[in-house]
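The residues making up each chain are set out below.
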Amino acid sequence: MEYEHAMGQLAMEQNTTILGIESSCDDTAAAILQQSNGKGVILSSVVSGQEDLHAAFGGVVPEIAARAHVERLDLCVEKAIADAQISLSEIDAIAVTAGPGLIGGVISGVMCAKGLAAGLNKPLIGVNHLAGHALTPRMTDGIAYPYLMLLVSGGHCQFLAVQSVEKFTRLGGTIDDAPGEAFDKTAKLLALGYPGGPLVEKAALAGDPARFKFPRPLLDRAGCDMSFSGLKTALRRARDQIVSEKGGISKQDRSDLCASFQMAAADTLAEKTRRACLAFLDLSKAHSPTIAVAGGVAANGVIRGKLEQVAKDAGFDFLAPPMKYCTDNAAMIAWAGLERFNAGYSDDMTLAARPRWPLDQSAAPMLGSGKKGAKA
Amino acid sequence: MPPKLVLAFDTSAAHCAVALVLGDRVLADVAEPMTKGQAERLFPLIEQVLADAGYSYDDLDAVGVGVGPGNFTGVRISVSAARGLALARGIPAIGVSRLHAMAHGATGLTTTVLDARRGRVYMQYFDNGTAEDAPKMIAIEDIDMNKGQIIIAPEDADFIEQYKMAQRPVQSIALATALIACDTIDHDHPRPAPLYLRDADAAVSSEPLPTIL
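Just so you know, the protein sequences line up as chains W and R, in that order. Quick note on my numbering: the first sequence kicks off at 1 and runs consecutively. Quick note on my numbering: the second sequence kicks off at 377 and runs consecutively.
Wrong hints could be hidden among the right ones.
Stated by the list, open to error - Which residues of chain R face chain W? A few of them, derived with a C-beta cut under 8 Å, are:
(1) Thr449
(2) Ser456
(3) Ala457
(4) Ser548
(5) Ser581
To be verified - Covered, in the sense of this in silico footprint (three residues per stretch, anywhere, with C-beta under 8 Å from a C-beta of chain W), are these stretches of chain R:
(6) 479 to 487
(7) 498 to 511
(8) 522 to 531
These aren't lab readings, by the way, just hints derived from the structure by calculation. Glycine included, every Cβ here is placed at the ideal spot set by N, Cα and C.
Put together the whole structure using the sequences plus the hints.
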């Protein structure tokens, strides 16, 4: 009986085709995702990055990002349609990141999506960018609710118990900077270039992770909250100390600084992940729990290795979707949109772009979650 | 040839403005003053305008859009919307600068001027509504006061004493944008892009990098 019901559902939902649009940071992206027999099939995923535009500044400049998005969004959509070998009229709904993120980009994406939804007379679905990341393991690996998610990127760092398309419980997260931001800052302070993640990791290969005793903030405090801004400051102090002693830093100094920094970030993430696993088990009582990671920082080999070990020790399956769906992309937005669409949600033309939009609306506001504080 | 149905909108300043024309016939010309919320209001207002005139998105032949200069975010709201709508309908999106729209319908030598803040203005010279040169941003005192009449935006009425005798645009921003778009509908149009006339506010870090020994 249940089986029949499920089949009926699937038949109804067959071949739903969703256009996803993402523009909340420095990637303009569009994707076509089709639900076929209950599974998500990514027909195309176009990502137009802006690293070259921001490299000189050592980080993403919001106005520069916004200027690029507005002139690339429709081009990405056209390419996604062409790559998927479908026509615009085959799209059943348009899903778009409506926040959180850099507002100039988010608002351009939302307006482009509204124009498309109006012109095609199809439903518009606003998607939380973080929900896109958090639901990615369901798109790529079809895992069931609930599961534990670590989002760790240049803009975000948090643990979420993902319980349904609408229910995310925030178990902890950074109270200030995201680790990816700290990697970028480190690369900048050490004249390595941008983006910092891969450059710091590479330099760290030849370094001694024990040479500098960098802080592991908040490990003395219960819970899963993290802090990375002090680590940045400690790295700057250590660099300045060396510069004042010998007028510059040697390549070995640089590698040691990178290795020590990376180890401090990895240790903090690992210990907090261990605690998040326990908190998740308390909350969900799951029998065969899974932890999934998403975000650019999950590409770091040292960090990933530690996280995998922690997961194994805690009896969790460890899941890391392919990197192209872990970093910013529109396929995940299309998938989250599809899940919302199937659950009966859609938005009207008053959909607003939101710079801040916590996934877990019930969680207490984070320390420093004001204008300058943690972003989501 | 039957007259073309053109929808135009502009959110480059503290307004949400929409116009609909059928050839040279004005079907709608509305503007709601607002300093924020244009992104939420634009499409509901467009839908109201279309419905009141008895048309739908399917009937449009082109979209005209105000590309600024003006509020960066406001300009991006309209340009993104126009590009999305044009793609969906397979119709041209035609970008019209606000300096051009302000000169539309004016006769003789005309200088259109917009407050660019920080002692500067966005301006352009026109002759009978046709541009004489490219739009640019200059210091207020560098405007040539002898280049015919000066037209300033309604909201800039008091921004500088010497323009107290300046004229207002003949038409509203959205209507002028719609009429210009309708007039040029058969031209080849690049996709509309914001006309900023001011560089992005971004400075390369002045912090010295460490010497690598």
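Outcome of the hint check:
{"no.": "1", "hint": "Thr449", "result": "6 Å, holds"}
{"no.": "2", "hint": "Ser456", "result": "4 Å, holds"}
{"no.": "3", "hint": "Ala457", "result": "4 Å, holds"}
{"no.": "4", "hint": "Ser548", "result": "22 Å, violated"}
{"no.": "5", "hint": "Ser581", "result": "6 Å, holds"}
{"no.": "6", "hint": "479 to 487", "result": "violated (count 0)"}
{"no.": "7", "hint": "498 to 511", "result": "violated (count 0)"}
{"no.": "8", "hint": "522 to 531", "result": "violated (count 0)"}
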